[in-house]
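Visitor: Chain by chain, the residues:
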Amino acid sequence: MAFDILAELPKLLWLVIAVAAFLAVFGVLLLAVDGGPRTRYDWWQAACFLAPAGILLLTGLVYPVIRTTVLSFHGPGGDTWVGWGNYVWMFTRPEILLVLRNTFLWVIFAPILATATGLVYSVLVDRSRYESIAKSLLFMPMAISFVGASIIWKFVYAFRPANADQIGLLNQLLVWAGGEPRQWLLEGPLNTLLLIVVLIWIQAGFAMVILSAAIKAIPAEIVEAARIDGVNGWQQFWRITLPSIWPTVTVVLITISVQTLKIFDIVRTMTGGQFGTSVIANEMYSQAFRYGQLGHGSALAVFMFLLVIPLVLIQIRNARRTREAQSL
Amino acid sequence: MVRPIRPSHGAVVTATSLSLALLATGCDYLSGTGGTSAGRDGAGCEPFAEWADVEGGTVDIYASIRDEEGERMQRAWHDFAECTGINIRYEGSGEFEAQVQVKVDGGNAPDIAFFPQPGLLSRFVESGDALPLPDSVAKRAQEGYPEDWLQYVEHDGKLYGTPLGANVKSFVWYSPGFFEKNGYEIPQTWDDLITLSDTMADDGVKPWCAGIESGEATGWPVTDWLENVMLREHGPEVYDQWIDHEIPFDDPKVTQALDRVGDILRNPDYVNGGHGGVKSIATTSSQVGGLPILDEKCGMYLMGSFYAAQWPEGTEIAEDGDVFAFNLPTIDEEIGTPVLGGGEFAAAFSDRPEVVAVQEYLATADYANNRAQEGAWFSAHKDLDLDALDNPNDRFAAELLRDPDTVFRWDGGDYMPAAVGSGTFWRAMTNWINGSDTEDVLSYVEQSWPKS
Amino acid sequence: MILSPPRTGPDPAPGRAATARPSAAARVRRKLSGTGASAAAIIIAVLWTLPTAGLLISSFRPEDQIKTTGWWTFFSDPTLTLRNYEEVLFGGTSTRQLASYFVNSFVIALPTMVFVVGIAALTAYALAWMNFPGRDWIFIGVFALQIVPLQMSLVPLLSLFSDGLTIGTTQVLPAWDLRGAFQFTRVWVAHTIFGLPLGIFLMHNFIVQLPKSLIEAARADGAGHGVIFRRIVLPLIVPALVSLSILQFLWGWNDLLVALIFAGGSVEVAPLTVRLAEMAGTRGEEWQRLTAGAFVSMVVPLIVFFSLQRYFVRGLLAGSTKG
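Each protein sequence line maps, in turn, to chains A, B and C.
Letter by letter, the first sequence follows residues 1 to 328 of my numbering.
Letter by letter, the second sequence follows residues 329 to 780 of my numbering.
Letter by letter, the third sequence follows residues 781 to 1103 of my numbering.
Hints should not be assumed to be uniformly reliable.
Between beta-carbon pairs, the in silico distance windows are [to be verified]: (1) C:Ala-819 <-> A:Ala-21: 54 to 60 Å; (2) C:Ala-819 <-> A:Ala-47: 56 to 62 Å; (3) B:Glu-644 <-> A:Phe-104: 50 to 56 Å; (4) B:Asp-484 <-> C:Gly-944: 29 to 35 Å; (5) A:Trp-84 <-> B:Pro-375: 57 to 63 Å; (6) C:Thr-829 <-> B:His-483: 56 to 62 Å; (7) A:Ala-47 <-> C:Gly-944: 23 to 29 Å; (8) A:Ser-128 <-> C:Arg-1090: 16 to 22 Å.
Worth flagging that the hints you see were computed from the coordinates, not collected in a lab.
Note that CB positions come from ideal geometry on N, CA and C, so glycine has one too.
The task is simple: from the sequences and hints, build the whole structure.
Guide: Here it is in structure tokens:
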């Protein structure tokens, strides 16, 4: 059966109708909002503007969080109360402890290395002739899906026995250097680190763009003063550049950390969580949906949620500090 | 005073009904439900006369079967759907095991699902989501399929699924030409098998190849090895106790069996022809694991009958062809050679008349024969026309299943709770291939067995 | 209060305002001896580009070569073929061809983009410029929702779609029994929900930076919020709208999990990523299809990225540095 454009038409038509309907409702809402009386507080107007997002977020995110928390105290089918049982299970099963360890490896390495790469690179290419092209190269992986990126890297790590030609770049480099080809994805914890490389590869561009902008925003007077004092490049980096952009560095670290905690696609596509590479998000999907252990899965999800909360608090505090500093 | 021009009453009605009609057709067009759904009568529809009363409708079927296999299946029931006017919407997904749970939990259960794992099906039986077979379907299932098969979907005296396709997982693939050239003989006992392996190793060929990589299911081919040896070494009764968890998963008998598997799979002299050393087993895809047989880089590959589909185009599968398979030999004379296998069961989540009609049809010999004609398929149905099977290996397997003396057992991993059968069992076997201690991995699985 | 009130005066875009000044980093680079620095930069750039380049080259090589030799041998033995793309796009049976999945990806990503950007702008405006108690807490709440792992929401949302919503015994929302093209609606709603927290956060950061005097003057003239939003705010935040659109489009295009649950694997609605994940899982050794397939899925994001790079970068900036 060949590709049939006619079969695709209903989809496109429904797309157009849906978008048009949305825009129409949007327009009506904007007209309607000014119809009400003006009071000290904008109650009525705020209700109109917040309603769409409010309804969606309450049903789609807030309610599920509550439900999952309740389920995490229940058994596999979600009907028997087991108290802390699922949490005890989580911290006593060796394979789950391994999952937790892996998640910590991810959260430690991915944000730091991605940020460091982005920082170094943005310092290096800053003001160079090919700055925009150079930045594009590093930034390109961000436009690729996690699944696509995983395929790219699975290919890099591919293994062929020593007596055959290698098709994976990493093993070929090893062979050229006189080594034996290895099965990279097999041995822990190296395999987890190699999966982390994929995320670093994706997120370094993000870090670079933001840090590069922050570097350019360092006030000229400071730079000038340092130049007059005759500090060298290294000193300038450590004493001036880094302290000036430190708040931004923290923000980048935390943003990538949040992404990292939720990592799912890379592990799933590259190893399926095998060879001791599973992480919380992947494990919870398997427990809840594949093994029918809804309680176990929910407990993992709640734990993941708890892990992220301190990061968000730091980010909020960080944002407030930045704001205070700026408004002085 | 000029009166505003008002459209007449009749015009309003016409306009309204016209736009309503337009809206209705538009919806039909977008949802793809337009057109008539009346059944076709006449030529070619005689076999489906008994379902003539069914008034069309749509039946959603969800399964793990995809690609080519999925297409063939849909062709097999095409005439039935056409004649009865039932619109069968089929969806195959590689994420079936997880998705079917999500769909059922989310209140979006398919009408019929094909379960390769009786264990997964029993989860839905216990939760009350899967429905017992209606009498008309159960009767057909009992007439068509042996008790060895139906026992896996029987709960409290009621059947919950009809068997569909079948496969045999006790097969050792080999190259008849390679065997003949070197004077190797098909081994009849386990000792023969080991002797043959030694001979090959001495001749400078790795006797075995293996590949167990399969995404998150990595490790499953080793579970087949262990189950086969359990069946042959300790017999079907012990095997049943083991998969029912009446004896611990790490019983000394299991340790003994896994060590026997280890004599082959963890023996660097025996594996892994064409792929590397012992550890290459873990990263070699199960789909390409046996291909070195064609290059004479390895001698044998234990893999289910479904491996027939993996050989490159043009490979002749026959007793005197490029590749063929023999049944993994006997370990204990008294036990003989039980057959390990698997397949799918069709289970229903709703009981609308059109759903029952589809269930009835899937249980018939007519469907089995239709499907077999599309190729690369067989089932345990008693009335399956064996001559219609397109490759000698499938015929061999189907004959084996039909033989009244054959003791058949379902793949235990598919019968155990999913947390074990599709989780820790696979992981444990993968770790074991990578060098973990036999007793450690078995007790790891034992501990993970759900408590309830 | 936290994250608000807005500062007055336009915020200098970091890149722009700084162009005239000597930059600290430029001096660091110069002092770090030019060649060493360039060499390091080139090495990083090569490392970051090589994997993609390898994939691209591989996707044009014949199957037997992909499977037996590395893509770097292409340079000594160049053989090009379009067969992989033909096979992946139009070949085989209907469930295998990527072309339909390609259309599906579009149909999923485009409306989601419009919905998220529209609703996010509206919400962000309310949170930035409307006067009502508790708005900062609402904003913090929305921000925190970014971190909800979406796996937690899958089952509740799905049951909402298929069973409707019943409070007590009253059916508040009917079940959505959707067929054919209508099935996309569920994916859109799910994507919109998951995209909103980040979207609102980004838009808020843009909108809150608008000059306060502008809004106040309009209020004094008696303009309502609807008019202010339409006439004053919307034209000013066009760059922000564009960048959020791009982000959201890429996100919808690249998503796997939401599509997996709400679209399923059928060729009617499933996007490219679902198909690719299956090819990677079940056809681990079919590199010729994987490489071509992966590249097909990357083409659109890459085009979007290269053509709109400027806005894209700006969108990211708003999210992180101005929080």
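Visitor: Take the hints in turn and mark each one as holding or not.
Guide: Evaluation of the provided hints:
1. C:Ala-819 <-> A:Ala-21: 54 to 60 Å: Since C:Ala-819 and A:Ala-21 have Cβ atoms about 56 Å apart, the given range 54 to 60 Å holds.
2. C:Ala-819 <-> A:Ala-47: 56 to 62 Å: Once the Cβ atoms are compared, 60 Å apart, the range 56 to 62 Å for A:Ala-47 and C:Ala-819 holds.
3. B:Glu-644 <-> A:Phe-104: 50 to 56 Å: holds (54 Å)
4. B:Asp-484 <-> C:Gly-944: 29 to 35 Å: At roughly 33 Å between Cβ atoms, C:Gly-944 and B:Asp-484 fall inside 29 to 35 Å, so the hint holds.
5. A:Trp-84 <-> B:Pro-375: 57 to 63 Å: holds (59 Å)
6. C:Thr-829 <-> B:His-483: 56 to 62 Å: holds (58 Å)
7. A:Ala-47 <-> C:Gly-944: 23 to 29 Å: holds (24 Å)
8. A:Ser-128 <-> C:Arg-1090: 16 to 22 Å: For A:Ser-128 and C:Arg-1090 the Cβ distance comes to about 18 Å; the hint holds.
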